[in-house]
Each structure stands twice: as C-alpha cells, then as structure tokens.
Amino acid sequence: MPILSAQGLKKYYGKEPNIVRALDGVDIAVESGEFVAVVGMSGSGKSTLLHMLGGLDKPTDGKVIVDGYELTKMSDEQLAIFRRRNVGFVFQNYNLVPILNVYENIVLPIELDGNTVDEIFINEIIDMLGLSEKRDNLPNMLSGGQQQRVAIARSLAAKPSILLADEPTGNLDTKTSQDVLGVLKMTSTKFHQTIVMITHNEQITQLADRVIHIEDGKIVREGRG
Amino acid sequence: MALAVTVIIAIAVCFLTVLFSYRYIRKNFDSIDRVLDSVLARNTDLSLEAAADSRISKLTHKAVKIIQMSEMDISKIRQEKEIIQSFISDMSHQMKTPLSSVAMYTDLLLEGNITEAEGQEFLLRIKNGTEKLQWMMDSLVKMSRLEVGAIELSPVPLGIKQTIADSISTVYGAAARKNIFIHTAYFEDVLLLHDRKWTSEAITNILENAIKYSLPDNKIDISLETLPIYTKIRITDYGIGIAPDEWNSIFKRFYRGRNAKGVDGAGLGLYLASLIFEKQGGYILVDSKPGIYTTFSMFLQNCKK
Numbered sequence: 021m022p023i024l025s026a027q028g029l030k031k032y033y034g035k036e037p038n039i040v041r042a043l044d045g046v047d048i049a050v051e052s053g054e055f056v057a058v059v060g061m062s063g064s065g066k067s068t069l070l071h072m073l074g075g076l077d078k079p080t081d082g083k084v085i086v087d088g089y090e091l092t093k094m095s096d097e098q099l100a101i102f103r104r105r106n107v108g109f110v111f112q113n114y115n116l117v118p119i120l121n122v123y124e125n126i127v128l129p130i131e132l133d134g135n136t137v138d139e140i141f142i143n144e145i146i147d148m149l150g151l152s153e154k155r156d157n158l159p160n161m162l163s164g165g166q167q168q169r170v171a172i173a174r175s176l177a178a179k180p181s182i183l184l185a186d187e188p189t190g191n192l193d194t195k196t197s198q199d200v201l202g203v204l205k206m207t208s209t210k211f212h213q214t215i216v217m218i219t220h221n222e223q224i225t226q227l228a229d230r231v232i233h234i235e236d237g238k239i240v241r242e243g244r245g
Numbered sequence: 205m206a207l208a209v210t211v212i213i214a215i216a217v218c219f220l221t222v223l224f225s226y227r228y229i230r231k232n233f234d235s236i237d238r239v240l241d242s243v244l245a246r247n248t249d250l251s252l253e254a255a256a257d258s259r260i261s262k263l264t265h266k267a268v269k270i271i272q273m274s275e276m277d278i279s280k281i282r283q284e285k286e287i288i289q290s291f292i293s294d295m296s297h298q299m300k301t302p303l304s305s306v307a308m309y310t311d312l313l314l315e316g317n318i319t320e321a322e323g324q325e326f327l328l329r330i331k332n333g334t335e336k337l338q339w340m341m342d343s344l345v346k347m348s349r350l351e352v353g354a355i356e357l358s359p360v361p362l363g364i365k366q367t368i369a370d371s372i373s374t375v376y377g378a379a380a381r382k383n384i385f386i387h388t389a390y391f392e393d394v395l396l397l398h399d400r401k402w403t404s405e406a407i408t409n410i411l412e413n414a415i416k417y418s419l420p421d422n423k424i425d426i427s428l429e430t431l432p433i434y435t436k437i438r439i440t441d442y443g444i445g446i447a448p449d450e451w452n453s454i455f456k457r458f459y460r461g462r463n464a465k466g467v468d469g470a471g472l473g474l475y476l477a478s479l480i481f482e483k484q485g486g487y488i489l490v491d492s493k494p495g496i497y498t499t500f501s502m503f504l505q506n507c508k509k
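Residue numbers (my numbering), protein chains in the order written: chain A, 21 to 245; chain B, 205 to 509.
Keep in mind the hints are simulated off the structure, nothing from the lab.
Where hints are given, some of them may not hold.
Below, simulated DSS-like cross-link-like pairs (lysine-lysine); rule was C-alpha separation at most 30 Å, straight line [said to hold, decoys possible]:
1. A:K83 - B:K262
2. A:K179 - B:K401
3. A:K179 - A:K93
4. B:K401 - B:K280
5. A:K83 - B:K269
6. B:K346 - A:K179
7. A:K210 - B:K346
8. A:K205 - B:K285
9. B:K280 - A:K210
Start from the sequences and build out the full structure, keeping to the hints where you can.
Dropping the structure here:
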C-alpha cells in the first residue's frame, strides 16, 4: 500500500484564455520508505506538486491521499494539525525562525502540537547532524550547510513518516550539497521515513530509489534509480 | 432545618459529581477501547478522528502509526524475499554458461579423437570457465554474508590512510602489469567510522574497475577531502568512462555497462562496494565524461569530536 498517492491531480491558475496549467493530470504513488526524486525545469510544476502532496495548497481537481487520509477532504484546521504530525518540510531557503536559537527552532513543531519534547531523541538528532556545538546559536551565526542541517533536524523532530524537500540543496555549493544529502539519506533510513525531494541536480538523483521527470505539469518519464 | 437542607444539597452535589466523573471516564475508556479494536483489526481507517486537537485524537494518531509501522515491516520482509528470489534466479542463470562450457569441453576431451593442439585449447577453455566460476563463487560468498547479515559490519573510528593503503597494495600488481601509476595526493590521516576489512574490499573493487577500464600507461588519482559530516574519498581514472544515463544502473547487481562488453566481469564489484558503504551509513556517487574521466566519490562519516 503506497503511503502517499495522488490521482488525476490538477492545479489551474487564472481563467481561459489565460489559464495556467501548473499541474495537468498527475498520478503518483510513493511506497513507504521510498526515496523519490522529482526532477524538472523551473516552471514545470514540481513545486506545485510538492505543495499539494504536503497539504500546503488545494488542487483544482483530483485526490491526494497521505497515510490513509484524504487531504482534499480536510478543513484548513485539520490540514494544519495533519501536517504538524505527519509531514516534515525542508525548503531551499531553510525557513528558520531568526529570533530562536538552534535548539528552539528544532523543537518548535513539537511545542506547537502541545507535546512534551523527547529530549533523548532530540539530542540524538542534534548529535547525528553535527550540531551539538551550535545548540545555542542563532541561525544568522551559521553557514548555509549548517542552517539546512538545522532545518532537517526540525523536520525530524516530530517523527513524521514523510519528508518533503523542495530543492534542499538549491542554495548550497556542490560539496555542501553532498554532505547535506548524505545526512538526509542517513536519517531517513534510520527513522524509516519516506522522502519526496525536488531537485534539478542530476548528480544528486543518484541517491534516490526512483526518479520522476516532470514537464509542463505532466510526468514524462519515470525510472528506477 | 437549614442544616438538613445543606446536608442534602451537599450529598446531591457529591452524588452528581461521582456520576458525571464515572460517565466521563467510561466514555474515554470506550474511545480508547475503540482505538485499540482498530489496531487489532489493522484498520488504519480511523480517518479524521486523528486530525483534531484533542487527547483522544493524539492517541488515535499514535495507534495509526503503530499499525503502519507493522505494515511497513511486513512489506519490507516481502521485498527482501523477492530480492532473494530474484538473486537466486539471476545467479543460477549467470553460472549456467561457464558451467556448460566446462561440461562440454570435458566431454570432448573424454571422447578422445582430437589433436594435441585441440586438447590444449579445450583445457584452456575449461580453465577459463572454472576461473570464472571460482570468481563468482567468491563474490557470492561475500555477498551472501553481507546480505543475509551473517556478518555485521562493525564501523569503528579508525585512520583511513591504512585502509586505503591496504587496497592499493592489493591492486598494485594488476596496475603494474598495465603500467598504470596510482597517484595519491597528500592528505592528513583522519579518523572515520568504518570497518577496515570490508571498506578496503570496497575500495579495492573501485580501484580494480579503474584499472580494468583504463588503457595501459595511464594513471589513477586518489584524493581525500573532509566535509563537516562526511569525508569524501575520490578515485579518478582516465579510461572509457560511463554515460550519465547509466549512472543510476551501474551499482545494480549483475549490471554491465554498455562500454564494458568484451571486458571480463560479472557486474558484482560496484554492487558489493555500494552495499558495503551503505551498511556503514555512507554512500557512493559517480561522475564521468565518457572517454575522458570517471570519478567515484565514496563518503564515510567523520567521528564526532
């Protein structure tokens, strides 16, 4: 049973004749524990797809089913709670809260859900991602690679089953990209997570189990990695 | 009189409190019971109940996760079974060709009626066949030990310099025969989490490939670079190269590159190497321009300071 699937997914912006078909009938199924890379030019609809899969945006037509929940049937409030518990996000520009230190940024999603922080687990993540010495630093004191590692730690903190990453290495140089991606792969294996990652870097797709190519809002090619 | 009324009211309040608490607790227990029933029935369709901001919803959410985890384990076991099945069928298929040629030439020799030159030729072919089988057997033993998990890799903090040196000395003879010079750029030794014996085996496989797919009188470059989390070992050869559309396939079991036809091999070396790195929390990336160069970058975790 796929953990994440979309059927006949469409997202249109504007009206005829100036309609923009960002997604034009996408079917996708991701198995639990799989690492899928989505590759496409900018404007191909890959980010829109990721936003739909994570319940950040609603489709014009079609269904998204994650973990057995049909996102397209949920209210905004239910979606917010769903995302907090089930999905971890990693973005190109890290999206860290500038006035919170590394530790506070990482535990933010847990505290938002009103849960107590599993200190042992959080320390394990911080240690794994090589952030032990940076715990009390503010994000602007960190390098790009370090900031992205904090973002990965934050996305892992609530133990989500799915991790959605939108160009996680888009702002990083080749070497740092390789470093950060290794971390992403290592933690997903360790914590049994499913990853959908958007990228335009062909080198990086070598780490994925499957590569999906998207063009003009449609899947054009799919291959085992 | 007033006292009696007060007492009666007090008793009534107590009674109602007990009644309502009893009902409330019962209701909660019933909800928990329903959630547990769903777990027992492996019913993940607890649907929207899990997406509200209440205590029962959090409980439901965790129940759903438990069901999913057990389902994930089951599907993982099923996948592993499929891998083993396909492996057995692949392997038996691969062994058939050399084995049948050994059998055929042995028969011809037994029948007699052949010239001495033919006899020599047949013996050589038998030797080739048995060598190939021997080599496959060796790889098979290594693989089965790794895959079945009979041998657990034990990554410990060790200097990587010795490990790389071990690999170079293993392939030194093969390199010398083709007059290929292995050049290692100077690097400070670093402690990396790895299992020396198996890691050296993996690096040896990469080096053997580099030698195999290079023309004579060439060189191979080895360098090391430490990143924040990983250290990268790079091995570059200037041989035939690998086209980008094959990068994702070359680490698969029994895959032979399109350029590799005519060169002996079974498609196991890179597979084994990537398996070894993965088991230690590392990974391998390839980069190549056909006809110009091929670089394998192997990543191992740094030791925490």
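Hint check results:
The straight-line distance between the Cα atoms of A:K83 and B:K262 is roughly 25 Å, inside the 30 Å bound, and the hint therefore holds. Straight-line distance between C-alpha atoms of A:K179 and B:K401 comes to about 35 Å, which puts the hinted pair past the 30 Å bound. A distance of roughly 24 Å separates the Cα atoms of A:K179 and A:K93; the hinted pair therefore holds under the 30 Å criterion. Distance restraint check for B:K401 and B:K280: the Cα-Cα separation of roughly 29 Å lies within the 30 Å cut-off, and the hinted pair is therefore satisfied.
Between A:K83 and B:K269, the direct Cα distance comes to roughly 22 Å. Compliance with the 30 Å bound is thereby established for this hinted pair. With a C-alpha separation of about 35 Å, the suggested pairing of B:K346 with A:K179 is violated against the 30 Å cut-off. Among the hinted pairs, A:K210 with B:K346 is consistent with the structure: their alpha-carbon atoms are about 24 Å apart, no more than 30 Å. Of the supplied pair hints, the one linking A:K205 and B:K285 holds, its CA atoms being roughly 23 Å apart against a limit of 30 Å.
In summary, the hint linking B:K280 to A:K210 is supported, as the alpha carbons are separated by about 14 Å, within the 30 Å threshold.
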